[in-house]
Structure formats: structure tokens, C-alpha cells
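Residue numbers (the working numbering), protein chains in the order written: chain A, 1 to 437; chain B, 1 to 437.
Wrong hints could be hidden among the right ones.
[Unchecked claim] Across the chosen pairs, the derived CB separations fall in these ranges: (1) B:E164 <-> A:N369: 38 to 46 Å; (2) A:S127 <-> B:N135: 38 to 46 Å; (3) B:N95 <-> A:L223: 35 to 43 Å; (4) A:L223 <-> B:K410: 47 to 55 Å; (5) A:H105 <-> B:S165: 35 to 43 Å; (6) B:D401 <-> A:Y131: 34 to 42 Å; (7) A:E372 <-> B:A394: 53 to 61 Å; (8) A:I383 <-> B:S165: 53 to 61 Å; (9) B:S165 <-> A:D428: 19 to 27 Å.
[What the hints assert, rightly or not] Okay, the calculated bits of chain B under chain A, using three or more residues with CB under 8 Å as the criterion: (10) 168 to 174; (11) 228 to 234; (12) 263 to 273; (13) 399 to 410.
Honestly, the hints are just simulated from the structure, not real lab data. Using N, Cα and C, we set each Cβ at its ideal position, and we do this for glycine too.
2 protein chains.
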Amino acid sequence: MATSTTHPPLQFSIKPSTVSRSETFDPRFLNKKLTLTSAKFKSNHLKTSCALKRSNISSTSTPLMEKKYSPEPTIVDVDLGNRSYPIYIGSGLLNQPDLLQRHVHGKRVLVVTNTTVAPLYLDKVISALTYENSNVSVESVILPDGEKYKDMDTLMKVFDKAIESRFDRRSTFVALGGGVIGDMCGFAAAAYLRGVNFIQIPTTVMAQVDSSVGGKTGINHTLGKNLIGAFYQPQCVLIDTDTLNTLPDRELASGLGEVVKYGLIRDAEFFEWQEKNMEALLARDPNAMAYAIKRSCENKAEVVSLDEKEGGLRATLNLGHTFGHAIETGFGYGQWLHGEAVAAGTVMAVDMSYRLGWIDESIVKRTYNILEQAKLPTTPPEIMTVDMFKSYMAIDKKVADGLLRLILLKGPLGNCVFTGDYDRKALDETLRAFCKS
Amino acid sequence: MATSTTHPPLQFSIKPSTVSRSETFDPRFLNKKLTLTSAKFKSNHLKTSCALKRSNISSTSTPLMEKKYSPEPTIVDVDLGNRSYPIYIGSGLLNQPDLLQRHVHGKRVLVVTNTTVAPLYLDKVISALTYENSNVSVESVILPDGEKYKDMDTLMKVFDKAIESRFDRRSTFVALGGGVIGDMCGFAAAAYLRGVNFIQIPTTVMAQVDSSVGGKTGINHTLGKNLIGAFYQPQCVLIDTDTLNTLPDRELASGLGEVVKYGLIRDAEFFEWQEKNMEALLARDPNAMAYAIKRSCENKAEVVSLDEKEGGLRATLNLGHTFGHAIETGFGYGQWLHGEAVAAGTVMAVDMSYRLGWIDESIVKRTYNILEQAKLPTTPPEIMTVDMFKSYMAIDKKVADGLLRLILLKGPLGNCVFTGDYDRKALDETLRAFCKS
Chain A
1 MATSTTHPPL
11 QFSIKPSTVS
21 RSETFDPRFL
31 NKKLTLTSAK
41 FKSNHLKTSC
51 ALKRSNISST
61 STPLMEKKYS
71 PEPTIVDVDL
81 GNRSYPIYIG
91 SGLLNQPDLL
101 QRHVHGKRVL
111 VVTNTTVAPL
121 YLDKVISALT
131 YENSNVSVES
141 VILPDGEKYK
151 DMDTLMKVFD
161 KAIESRFDRR
171 STFVALGGGV
181 IGDMCGFAAA
191 AYLRGVNFIQ
201 IPTTVMAQVD
211 SSVGGKTGIN
221 HTLGKNLIGA
231 FYQPQCVLID
241 TDTLNTLPDR
251 ELASGLGEVV
261 KYGLIRDAEF
271 FEWQEKNMEA
281 LLARDPNAMA
291 YAIKRSCENK
301 AEVVSLDEKE
311 GGLRATLNLG
321 HTFGHAIETG
331 FGYGQWLHGE
341 AVAAGTVMAV
351 DMSYRLGWID
361 ESIVKRTYNI
371 LEQAKLPTTP
381 PEIMTVDMFK
391 SYMAIDKKVA
401 DGLLRLILLK
411 GPLGNCVFTG
421 DYDRKALDET
431 LRAFCKS
Chain B
1 MATSTTHPPL
11 QFSIKPSTVS
21 RSETFDPRFL
31 NKKLTLTSAK
41 FKSNHLKTSC
51 ALKRSNISST
61 STPLMEKKYS
71 PEPTIVDVDL
81 GNRSYPIYIG
91 SGLLNQPDLL
101 QRHVHGKRVL
111 VVTNTTVAPL
121 YLDKVISALT
131 YENSNVSVES
141 VILPDGEKYK
151 DMDTLMKVFD
161 KAIESRFDRR
171 STFVALGGGV
181 IGDMCGFAAA
191 AYLRGVNFIQ
201 IPTTVMAQVD
211 SSVGGKTGIN
221 HTLGKNLIGA
231 FYQPQCVLID
241 TDTLNTLPDR
251 ELASGLGEVV
261 KYGLIRDAEF
271 FEWQEKNMEA
281 LLARDPNAMA
291 YAIKRSCENK
301 AEVVSLDEKE
311 GGLRATLNLG
321 HTFGHAIETG
331 FGYGQWLHGE
341 AVAAGTVMAV
351 DMSYRLGWID
361 ESIVKRTYNI
371 LEQAKLPTTP
381 PEIMTVDMFK
391 SYMAIDKKVA
401 DGLLRLILLK
411 GPLGNCVFTG
421 DYDRKALDET
431 LRAFCKS
């Protein structure tokens, strides 16, 4: 971790020191540090609240900046007034108990995880929560693993556990796992006793670069993805990049689909960095991975700060998702990973943008190439028909008064629109081009 | 409706004209009126936001004020900044389509009601929503009636209907019924696509004086009441007092239990008015009923405005509810009506307050008398044991870090506290006094 890597700054005018910062924690001064750090957070949230504002969603290039990467946690703030919170990013963060403990409210913690992640990290998280802290007792609920269990029946197991264990309002739920666990635990925390505190500990690339940040929580319905849920923000997001060491290659690639998304919709420079560093990411180079996570979180945090409830801007983070959700629903939850479906959906959205005459062919090619390089699907599964796409896309959350709004690229790389104002013919053509029937 | 009734003003310094106001709607000037009224709402919300602030929860007496009651809607504002909304109270309001239509967002409306209320009022509500308004289409979902159906399985029927009918984010859910329907429809609206608009049309005294106002939504768990839910505010509450004409006597009495509550915890003058007017209320005198509803809504609106998420003050609205919820859970949902369980719970809370030496014996007697007069239970059902109470009360939402906090009366009539700082012996004595084993 002592090597250096290229750290291009975001192209808009944010001082890196206010958006992300490093801190060292010395266990000998735990209590003192805790107080100091809390004060620091507050002050930094206030500072970044102005610095993070940005009036458009496009990106242009600026010169690259060299910066040394250190194993200390990087902190990205999500600026939401009195509901602001930090994202900690770094190696070995689960070995720093104070990071977690400072965000626990009350004396009871419920860790929600799954059968895959529990054997790997549950003990470690419990240790971090209870280390030199007899004030807290921890329970856990271990759910079956996979998107197909992201349903009401499985969610009820979390409520059952919390109620049977008599968790009260001053409790903290901790999501330990990927996107499914984060979404379910978050919704459970939002609804349990009408809202308890929660913490995200994402353990997949997908969750670390996207789903754990921003407070979207929920479950699937047999007829569609994430149709039941809440906007509910965590107390903090703790990203220990070491947890990626146990992640299967397919899961890793799936998460990179969301990383590519940030480049396409708003950060051309980041996209160019990815084109150069995709091999390093696939090889799990820790510096490359840490940078990709940090930059993704910065993009996500900024968008969420500007549009928490998805009035418009935030919807742009769903590039490829309307097509992708149709694939997930039509093909069956869990057949493809979320990022795989989104990758194919992204190619379709980009294809449609091109058919509308909104982007150059070069962007279509570069999108296709980078997703191919990431070993992600670039066409939907053969089972998907035009009618299936139309049917499932019609119940997308972005439909308004019957009009399907889509995120499409428009202009130079790094620019997009969220609109219902497009030629339906282009959508039909794209669907026909990608489906056999 | 041309007779007059006694209208004592709230004892604190609120100009009645800003808290509640009357407006006439002339169908000939519908569009014009709509615009004017919207502007007026805005301005009134702003005005009342200061006027409604109040720093304590006790009440003292002031002289009574005579005011003529008219069939025009009275409006009580719930002041919650940009989420403020009006409560319309009056006779024949379902015959005034503009009242409802101005609060519908989008083109799709889902009316959630039950098998008892649907035959009585569903057509009327659909007519009100669609009268001279081809822009809106209405669907409905009719749930089984009763507290025992306030569960996740029944809630899923609302989601199923909304999803199958392809309701999008710009939809409006309308709760037509009592407290159970309001709580379930509200939670469905909170969670459907992470939040759609909703309107409350309460048709029971219980819902009109309490549960439809203030945004508490949720469902029961087999182990406890309202353990899963959300704080989610409606666009408006429309109380057509004519709907009470079809209400069974037992339901009527149940709602009066909550009316008595406002008097006991914060409005001594209202309590005294109830003592004099209980017979009129039981006889459904329209003026007495309208006044009781208005005064209850004013009390509720004020408390909710000051403490939406139940940081403290709002909890006082739950006088008798911790005992009452234990009865509902232990006895089986639906055996007793909510207000019946709360009435017995209120007598227990008042008994305990007296044992603690916090109130005079006269308050115990007056509480007992007024609930008896309202034909409500003043002791728990025989099935309830001390252990059952203790067990169910331990999972109450007001437990914090293991400590059960209760709402207890303290001081002169109209004063209460929300506290965990009481002698446990008094609680034990009360439980033993009211339970056979």
C-alpha cells in the first residue's frame, strides 16, 4: 500500500481536502480522539455543504494530479444537512473499532448479514462493535444469500428477530453484505418502530461504489425490482476494501458496471482512467480499487446531496437500469447479477442514445469495449423479448403519468439527460436490435 | 346545523382565525376559488407556524367563547413546514369535489378501504374524485375489516393492486375508513415506490379525532402493535362528519376514549366540556360532535407540529396506550376495539399516577366516571395477567435502552409527564390491582 497511483481530481471546483480526508486513529487516545473527530465531522460537513454544490451533471477534462495513497481511511461526506454522514474507505477499517462504535446509538445492535458473508466477517464485525465496549450487546440475523430472497418474507425475518429480541427505538441495525443485504437492512431499519439507526458495511464492489450510499432501501415484488421501500440514510458507511479479497470474480465485475456508469453519465475523466486501469481493477490492485471506490462514492455523494429524493438529477444514476431491471425481473431474480443486467442495459441505453442522434458512435464503441473488457454482458439474455421489455419497463419507478422516462447519453462523453421526451421509434428499434423476438 | 353550540377557545394564545377557518365553495367559481384557496393556505400555514408554537403541555382555564357553527368546512392546519397540510372538518364535505381534487397529484388514484366502508362511501368518494374531472382515473382495493387484518399479508394486497395496475410515483393513495385503513394505506403510500402522495378520509370517530392526523402509519406484528411502519404525512385529511351516521355505537364510544385523552393530558377545559356534553356526544349531536372533533384535531395538530417524530412531547398522546396495546396484543387483535383497550389502559395509567402521589383522587374518579359514561371498559379483560402485561409492555415502542417509559398524569387536571423515572412498585401495584393473577 506504499506505492503511488494516479489520482485525477474531479474536474469541478472542489478542494480535495474538504471532500475526502485522511485521519489516523491511535487506540491509546481512543476517547479523546472520538470527541475531536466528532467535532471535526461537524465542521467538515458544514464546509463541504457549499463546496459540493454543482449546477450541472456533465464533466470535462482537467490535468491529472498525482497523490500518494495511504492505508489511513479516506472519508467522503454525504452532505444532507442534519442527516449528513461519512463514508470511510480504506484497508483494515474493520480493525479500527472506534470507527464503528462512534456511530452506534443505544445499547443494542442487530447485524443483518447472509449465509455467505457471515462465516467470513460476522465475528470480525462483532469484535469491532464490542472491543473494549461492554456497553453494547450484539445480535445477528443471517438471511439466505441472493437477489431472489430480497422479498417481504425474508424481510419479516429481520423484524421477527428484532421484536423477539426486544430491540427498542434506541437500537442500531448494521448491514453487513452486498447490495441486497444493504437494501433490506436499510428498509427494516426505516420501518422498525418507524425508524431506528443503521450502519452500512458493504462487502461487494457493487455495494461499496453504489448501493450502500444515498439511502435508497427496499425489496422486490414479483412484478418488479425495488418497488417497496424507503429513502432512509445510514449513520455511516464503512468500506473495508480488504473484504473484496473474498469476492468472487463475477461479483467483482458486476460492481465495475456501476463504476463505468459514473464515467458515462458525469465524469469523462474517470471513464478515461477506467479505460486505462480496467486490467488493474480486474486484478484487484488495491490502489486502483481504492481509487475507483473513492471516486465513485464522491460522484454518488454529490448527486445524492443535490437530489436526495430523486426529483430529477439522482435518476441519472440509473443509466441502463430500466433495461436492466426488466432483464432481472423477466429473466428471474438472481439469474444474472444486478451489475450484469445493468451492463447489458447500459449498452442498450447507449445504443438508443446513438439512434436518437444524441451521441457520437465513438461513445457507443467505447462503452461496449470497456464493458467487454470488464467481462460483463453487452446483450440481454436470449429469453428477453421486445414485449417482455415493454411490459416490465412500464412498471419502472421512473414512469410518470404513464410516460416512461429514461436516462440517455447526450453530448460529449460524460453528459446525460433524464427525459420522457424522445422518439419512441428509437426505443422500439433498440429493443428489436437486441431481442430475437 | 343552524343551532349554536359552546365553543371554548384553546386556552393558549392562538387566534382562532389562523388555527381554524371557514370557507364557502361556490361550484360556479370552482377554478377561481381553487387558486385563491391555494394561496390562502400557503399564507395561513406561514402565519400559523409561529402562532402554534407552545413551550409546555399543560392547560389552564379561560372563559368560554360562543361561536356559531355553520356547515362550511372548518380547517385546522398541521404545521410541518413544507409538509404542512389542512384538516377539513364539516358536514357534507364529500359533496364538495374540489376539496379532494385539489390534493390529488398525478392522474391515478387508488382508494384503499374495507368491506364495511366500501358499500357505504366508496361510490361517493369516487364521484368526488372524478366529478367534472376526466383527468383522473380511480381504482380501489377493498381489504377485510378489522384490527386483526392490520398485517403484512393484507398490506401486500395494496402493493399487489398498485403494481398490477401500474401505478407510478405520481399517484395518490386515498385511505377511506377507520384507523386500521388509515394506518395501512399510509404505510403503503410511504413504501410504494419509496413514497407516493396520500389523502386521509377517516370515517370513524377514532380516526377523525386521532389516527388520521399526524402521519403515524404502520401495521401490527403478532408480537406487538404498530411495530412496523413509517412517519408519513398526508396531503390533507378530509373529515365528513356525516360518515359518523353509519358508525356503530360501540365504534363511536371507542373513539370518544381518545377525545377524553386530550382533556386529561393537556386540555382541562375540554375535559370539563366533555363532562357536560358526553350525553350529547353519545346521542351524536352534530354540533357537539363537530366541536369535539375540531378541538381534538387542534390538540393533535399542535402536538404533531411541535414534535413530529415523537422525540418526547408527542409520546404524551399515548396516555393509556402502553397498557392498552398490551391488552390488544394479549387478548388478540380485534377482540376489543382500540379505544376500548385504551380506555381501560387510561384508568390504569391514572391509577398508577395516583399511587405515585402525582395527582389528586378527584382526577381518578373523574376519569373513571367519564369513561363509564362513555360506556367504555374501565378494567382490562379477565384474561390479562400481570405477567402478560409485563411481557407485552416490554416491547412497547417507548422502551429506551431497556427502560419502559410511560405517560402519567402529574399535577392539576390537564397535565402529564412522559417518563421512565417512576417507582416500579407503583406499576406492580397497579398491575396487581387490575389483574386477577
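> Is the distance from the Cβ of S165 (chain B) to the Cβ of D428 (chain A) consistent with 19 to 27 Å?
Replying inline: 25 Å, holds
> Does the region 263 to 273 of chain B contain three or more residues whose Cβ lies closer than 8 Å to a Cβ of chain A?
Replying inline: violated (count 0)
> Residue count check for the region 168 to 174 of chain B against chain A: does it reach three with CB-CB under 8 Å?
Replying inline: Held - the region 168 to 174 of chain B has 3 residues with a Cβ nearer than 8 Å to chain A, which meets the minimum of three.
> Counting residues of the region 228 to 234 of chain B whose CB is closer than 8 Å to a CB in chain A, do you get three or more?
Replying inline: It holds: at least three residues are needed, and the region 228 to 234 of chain B offers 4 whose Cβ sits within less than 8 Å of chain A.
> Using the C-beta atoms of D401 (chain B) and Y131 (chain A), is the stated range 34 to 42 Å upheld?
Replying inline: Violated, since D401 (chain B) and Y131 (chain A) (Cβ atoms, about 20 Å apart) do not stay within the stated range.
> Holds or violated: 53 to 61 Å for the Cβ distance of I383 (chain A) and S165 (chain B)?
Replying inline: 26 Å, violated
> Would you say the C-beta atoms of L223 (chain A) and K410 (chain B) sit inside 47 to 55 Å of each other?
Replying inline: The hint (47 to 55 Å, Cβ to Cβ) holds, given that L223 (chain A) and K410 (chain B) are roughly 53 Å apart.
>> Under 8 Å between beta-carbons, do enough residues of the region 399 to 410 of chain B, three at least, approach chain A for the coverage claim to hold?
In response: holds (count 4)
>> Given a hint of 35 to 43 Å, does the C-beta separation of N95 (chain B) and L223 (chain A) actually sit inside it?
In response: Between N95 (chain B) and L223 (chain A), where Cβ atoms are some 37 Å apart, the hint holds.
> Does the hinted range 38 to 46 Å hold for S127 (chain A) and N135 (chain B) at CB?
Replying inline: 59 Å, violated
> When you take the CB atoms of H105 (chain A) and S165 (chain B), is the distance between them in 35 to 43 Å?
Replying inline: Taking Cβ atoms as reference, H105 (chain A) and S165 (chain B) lie about 40 Å apart, which means the hint holds.
> Falls inside 53 to 61 Å, the C-beta gap from E372 (chain A) to A394 (chain B)?
Replying inline: Holds, since E372 (chain A) and A394 (chain B) (Cβ atoms, about 58 Å apart) stay within the stated range.
Checked against the numbered hints listed earlier, the structure breaks hints 2, 6, 8 and 12; every other hint is satisfied.
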